Structures are given as structure tokens and as C-alpha cells.
Amino acid sequence: MASTSASVEQSKKTSAWFGGVRPMDASYGKLMMWFFLLSDAFSFSGLLIAYGLIRFEHPAYTGSPADFVASDAYWPIPEKIYNAFPFFHGIDLPLVFVGLMTFILIMSSVTMVLAVEAGHRKDRKDVEKWMLWTILGGITFLGCQAWEWTHFIVGTDEGATRTVWNYISNSWETTTIYGANLRVNEYGPAPFANLFFFITGFHGFHVFSGVLLNILIFHNAAFGVYEKRGHYEMVEKVGLYWHFVDLVWVFVFTFFYLV
Amino acid sequence: MANTYETTEGEIPKPQTKIIWRTFWILLIVTALEFLVAFTLPAEYRTLKILIFVGMTIVKAFYIVGEFMHLKHEVKSLIWSILIPTIFVVWLITALLVEGGS
Chain A
1 MASTSASVEQ SKKTSAWFGG VRPMDASYGK LMMWFFLLSD AFSFSGLLIA
51 YGLIRFEHPA YTGSPADFVA SDAYWPIPEK IYNAFPFFHG IDLPLVFVGL
101 MTFILIMSSV TMVLAVEAGH RKDRKDVEKW MLWTILGGIT FLGCQAWEWT
151 HFIVGTDEGA TRTVWNYISN SWETTTIYGA NLRVNEYGPA PFANLFFFIT
201 GFHGFHVFSG VLLNILIFHN AAFGVYEKRG HYEMVEKVGL YWHFVDLVWV
251 FVFTFFYLV
Chain B
260 MANTYETTEG EIPKPQTKII WRTFWILLIV TALEFLVAFT LPAEYRTLKI
310 LIFVGMTIVK AFYIVGEFMH LKHEVKSLIW SILIPTIFVV WLITALLVEG
360 GS
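Protein chains in written order, with my numbering: chain A, 1 to 259; chain B, 260 to 361.
I should point out that these hints are in silico values taken from the structure, not numbers from a laboratory.
Keep in mind that a hint or two might mislead.
[Unchecked claim] For each label pair, taking beta carbons as the anchor points, the in silico distance ranges come out as:
| hint | chain 1 | residue 1 | chain 2 | residue 2 | range |
| --- | --- | --- | --- | --- | --- |
| 1 | B | F321 | A | D92 | 28 to 36 Å |
| 2 | A | W172 | B | P344 | 24 to 32 Å |
| 3 | A | G63 | B | L287 | 30 to 38 Å |
| 4 | A | A73 | B | K331 | 41 to 49 Å |
| 5 | B | K331 | A | F205 | 27 to 35 Å |
| 6 | B | K331 | A | F35 | 12 to 20 Å |
| 7 | B | I343 | A | G20 | 22 to 30 Å |
| 8 | B | V318 | A | N166 | 48 to 56 Å |
[Said to hold, decoys possible] Here are the simulated DMTMM-like pairs of lysine to aspartate or glutamate, each with C-alpha atoms no more than 20 Å apart in a straight line:
| hint | chain 1 | residue 1 | chain 2 | residue 2 |
| --- | --- | --- | --- | --- |
| 9 | A | K30 | B | E326 |
| 10 | B | K308 | A | E79 |
| 11 | B | K331 | A | E233 |
| 12 | A | K129 | B | E270 |
| 13 | A | K122 | A | E233 |
| 14 | B | K273 | A | D126 |
| 15 | A | K125 | B | E270 |
| 16 | B | K277 | A | D126 |
| 17 | A | K129 | A | E227 |
| 18 | A | K237 | B | E326 |
| 19 | B | K331 | A | D25 |
| 20 | A | K80 | A | E148 |
| 21 | A | K122 | B | E270 |
| 22 | B | K335 | A | E79 |
| 23 | A | K228 | B | E270 |
| 24 | B | K273 | A | E227 |
| 25 | A | K237 | B | E333 |
| 26 | A | K80 | B | E303 |
| 27 | B | K273 | A | E128 |
[As the list claims (entries may be wrong)] If we take Cβ atoms under 8 Å as the criterion, some of the chain A residues that face chain B in the derived model are:
| hint | residue |
| --- | --- |
| 28 | F42 |
| 29 | L93 |
| 30 | L95 |
Since this is a predicted model, take the numbers as computed values, not measurements.
Backbone N, C-alpha and C define an ideal beta-carbon position, used for all residues, glycine too.
Please work from the sequences and hints to get the whole structure.
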């Protein structure tokens with residue numbers, strides 16, 4: 001009897017299917033974060049592919065970029081729409097603000113890896129320092145996005161003339177409209193603004209959740225929770241999420257602002 | 260608590276940040292190149308531009324996932340478990356491009 005149980009023990013140790021081994025050499029939590037991120041990648045892929053689909057359903061602007069005028073007859077050129085920068089009112093600065101936002105997010109990704117690296121060395125002070133920088137980067141990015149959204153919603157000084165359906169008088173009427181809502185906008189066809197709100201909004205919500213998680217990690221690190229636990233793996237797991245948010249922005253940046 | 264920290268401080272190894280900063284510079288330079296392409300290549304080369312942007316985005320994704328998310332240094336089965344399912348995304352894009360007649 002004793003020898004049987006010993007051989008069972010032995011086979012358990014050698015087979016990947018009886019527990020006790022880690023075929024992927026990663027903890028349960030880390031694996032689940034990876035698979036969650038994979039599913040999240042599908043969500044974002046769906047949104048970005050829908051963007052492509054809807055964009056190419058609309059006619060493209062064919063003239064030269066220099067004499068571009070926004071119209072709901074064709075899809076606008078992004079660099080002519082996203083050309084504002086805080087405190088530089090009315091000056092055409094194409095994509096400069098988005099470039100700054102990209103830089104901030106990449107930078108906060110770097111400080112996050114530095115926090116993970118400090119966690120490997122069990123250096124509590126460094127983990128705290130780099131987590132704080134990461135939180136600051138995330139909050140700055142969210143602030144930039146709030147400004148961008150406000151600018152997009154409020155619109156330019158000139159606005160644009162559009163024929164819109166008036167639900168009160170049940171008739172078409174031609175008016176000057178400013179900025180954007182889900183029904184009409186001054187930049188292009190209605191889906192242009194809708195996709196802007198949905199895609200950058202969904203990404204911004206991810207950044208917001210990431211900042212909350214980062215604050216939680218900072219709090220735990222600062223109160224010595226991970227020091228007591230003996231490892232800083234939670235920093236790694238949330239780090240994975242934070243890098244994923246940066247990764248998504250890289251794709252949003254390309255397909256939304258550059259192409 | 261503060262005492263224990265003081266005594267263990269001497270054992271904390273020096274930071275190893277060379278690869279992290281190298282990755283940062285690669286990401287920054289690729290992004291700068293994207294801007295350069297966006298504003299210097301004339302509008303007539305639209306297809307070429309899109310191809311360059313997509314290529315550079317994949318380069319950036321490789322460095323973020325490989326180095327920052329450390330996937331490059333995980334075991335093979337984990338790498339493939341994450342990479343193979345993304346075939347579905349490629350499939351959807353291809354199917355839509357073909358069916359859409361583009």
C-alpha cells in the first residue's frame with residue numbers, strides 16, 4: 001500500500017496533468033492576466049476593424065491636403081482635424097498634441113518597467129518611486145484626453161454649415177454647427193465622431209482603470225504588503241495591464257490619427 | 260519595520276535598466292520616424308504610407324510585448340498561447356479586405 005501511494009506520488013510529479021508543475025513557468029495570476037489581455041485585444045481589434053470598415057464605406061477626400069475643407073460628404077484627413085494644442089488657439093499644429101500624448105504614455109510604460117525591475121530586486125523605495133511616476137504619467141495622459149475631448153466637442157470658432165434633421169419641426173434645416181455630438185459634427189460624417197468617442201473613450205477608460213490599479217499597487221507597496229509577502233509579483237501583473245494599454249494606444253495612434 | 264528595511268538595504272542589487280532604456284529609445288525613434296513619414300511623403304503615396312505605418316506599428320508592438328511585457332523571455336508554450344489566437348484578427352481583416360473588394 002505504501003509503495004503504491006509512493007508511485008502515484010512519483011507519477012504526479014512527472015506528469016504535466018496532475019498538478020505540481022508549471023508548464024508555462026508563470027503563476028496562475030500572471031497567466032490569467034495574459035489571457036484577459038488577449039480577450040481585451042480582441043475587443044480593441046473589433047473596434048479598430050469596425051473603424052476601418054466604416055471609414056472605407058465613406059468616400060475618401062481626394063484633393064490636396066492644403067485645400068482641405070471639412071464636409072460630411074467624405075471622410076476627413078485626421079491631421080487636419082486633430083491640429084489644436086492647449087494655449088495655441090487657432091494655430092494649425094497637426095498631430096502635435098497626439099504626439100505629446102503618445103510620448104507621455106510610452107514614458108509611463110518605461111517607468112512601469114522600472115517599477116517591475118525594482119520589484120525583482122525587492123527594492124521597496126524604488127518600486128514606490130517608479131509607481132508614483134507611472135501614476136503621474138497616467139493622470140497626465142487622462143488630462144490630455146479630457147482636453148482633446150473638450151476641444152473636439154466644443155469645436156472650432158468657425159463651425160460648419162450642415163443640413164440636419166430637426167426633430168421638433170420634422171424637417172431638414174441648414175444651420176451652422178460647432179464641434180461634435182453623436183448625431184452630427186463639423187468634421188465629417190457622423191460615424192467619424194462616433195468612432196472617435198467610442199474608441200478613444202474605451203481606451204481612456206482602460207487608462208483610468210489602470211491608474212486606479214496603479215494607485216492600489218503603490219498603496220500596497222508603500223504599506224509593505226509585498227515586502228511581507230516576500231515578492232512583488234502584483235507589480236508585474238498590473239504592469240502587464242499597463243503595457244497593454246500603451247500597446248493599444250500605439251495601434252489607435254496609427255489607425256486613428258496617422259492613416 | 261523601518262529597521263528591517265535599513266538592514267536589508269545593503270543586499271539590494273544595482274538596477275539593470277540598460278535594455279529598458281534601449282527599448283524606450285527604439286519606441287521613441289520609430290514614433291519620430293512615423294511623424295516624419297506623415298509630413299514629408301506626399302499624399303499620392305497613400306498606399307506606401309499606410310504600409311510604412313502598419314510596419315512601424317508592428318515593430319513597436321514587438322518591442323512593447325517582447326521587452327516591456329517580457330513575452331520574449333517566457334517559455335515557448337506561453338508565447339504561442341498568446342500569439343496564435345491573434346490569427347483570428349488577421350483572418351477578420353483579410354476576410355473583410357477580400358470581401359470588401361479593396
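To see whether the hints hold, each was checked on the structure:
{"no.": "1", "hint": "F321/B to D92/A: 28 to 36 Å", "in the structure": "34 Å, holds"}
{"no.": "2", "hint": "W172/A to P344/B: 24 to 32 Å", "in the structure": "48 Å, violated"}
{"no.": "3", "hint": "G63/A to L287/B: 30 to 38 Å", "in the structure": "33 Å, holds"}
{"no.": "4", "hint": "A73/A to K331/B: 41 to 49 Å", "in the structure": "47 Å, holds"}
{"no.": "5", "hint": "K331/B to F205/A: 27 to 35 Å", "in the structure": "29 Å, holds"}
{"no.": "6", "hint": "K331/B to F35/A: 12 to 20 Å", "in the structure": "18 Å, holds"}
{"no.": "7", "hint": "I343/B to G20/A: 22 to 30 Å", "in the structure": "26 Å, holds"}
{"no.": "8", "hint": "V318/B to N166/A: 48 to 56 Å", "in the structure": "50 Å, holds"}
{"no.": "9", "hint": "K30/A to E326/B", "in the structure": "16 Å, holds"}
{"no.": "10", "hint": "K308/B to E79/A", "in the structure": "14 Å, holds"}
{"no.": "11", "hint": "K331/B to E233/A", "in the structure": "18 Å, holds"}
{"no.": "12", "hint": "K129/A to E270/B", "in the structure": "19 Å, holds"}
{"no.": "13", "hint": "K122/A to E233/A", "in the structure": "10 Å, holds"}
{"no.": "14", "hint": "K273/B to D126/A", "in the structure": "11 Å, holds"}
{"no.": "15", "hint": "K125/A to E270/B", "in the structure": "14 Å, holds"}
{"no.": "16", "hint": "K277/B to D126/A", "in the structure": "16 Å, holds"}
{"no.": "17", "hint": "K129/A to E227/A", "in the structure": "15 Å, holds"}
{"no.": "18", "hint": "K237/A to E326/B", "in the structure": "15 Å, holds"}
{"no.": "19", "hint": "K331/B to D25/A", "in the structure": "13 Å, holds"}
{"no.": "20", "hint": "K80/A to E148/A", "in the structure": "14 Å, holds"}
{"no.": "21", "hint": "K122/A to E270/B", "in the structure": "10 Å, holds"}
{"no.": "22", "hint": "K335/B to E79/A", "in the structure": "41 Å, violated"}
{"no.": "23", "hint": "K228/A to E270/B", "in the structure": "17 Å, holds"}
{"no.": "24", "hint": "K273/B to E227/A", "in the structure": "18 Å, holds"}
{"no.": "25", "hint": "K237/A to E333/B", "in the structure": "14 Å, holds"}
{"no.": "26", "hint": "K80/A to E303/B", "in the structure": "17 Å, holds"}
{"no.": "27", "hint": "K273/B to E128/A", "in the structure": "16 Å, holds"}
{"no.": "28", "hint": "F42", "in the structure": "7 Å, holds"}
{"no.": "29", "hint": "L93", "in the structure": "12 Å, violated"}
{"no.": "30", "hint": "L95", "in the structure": "7 Å, holds"}
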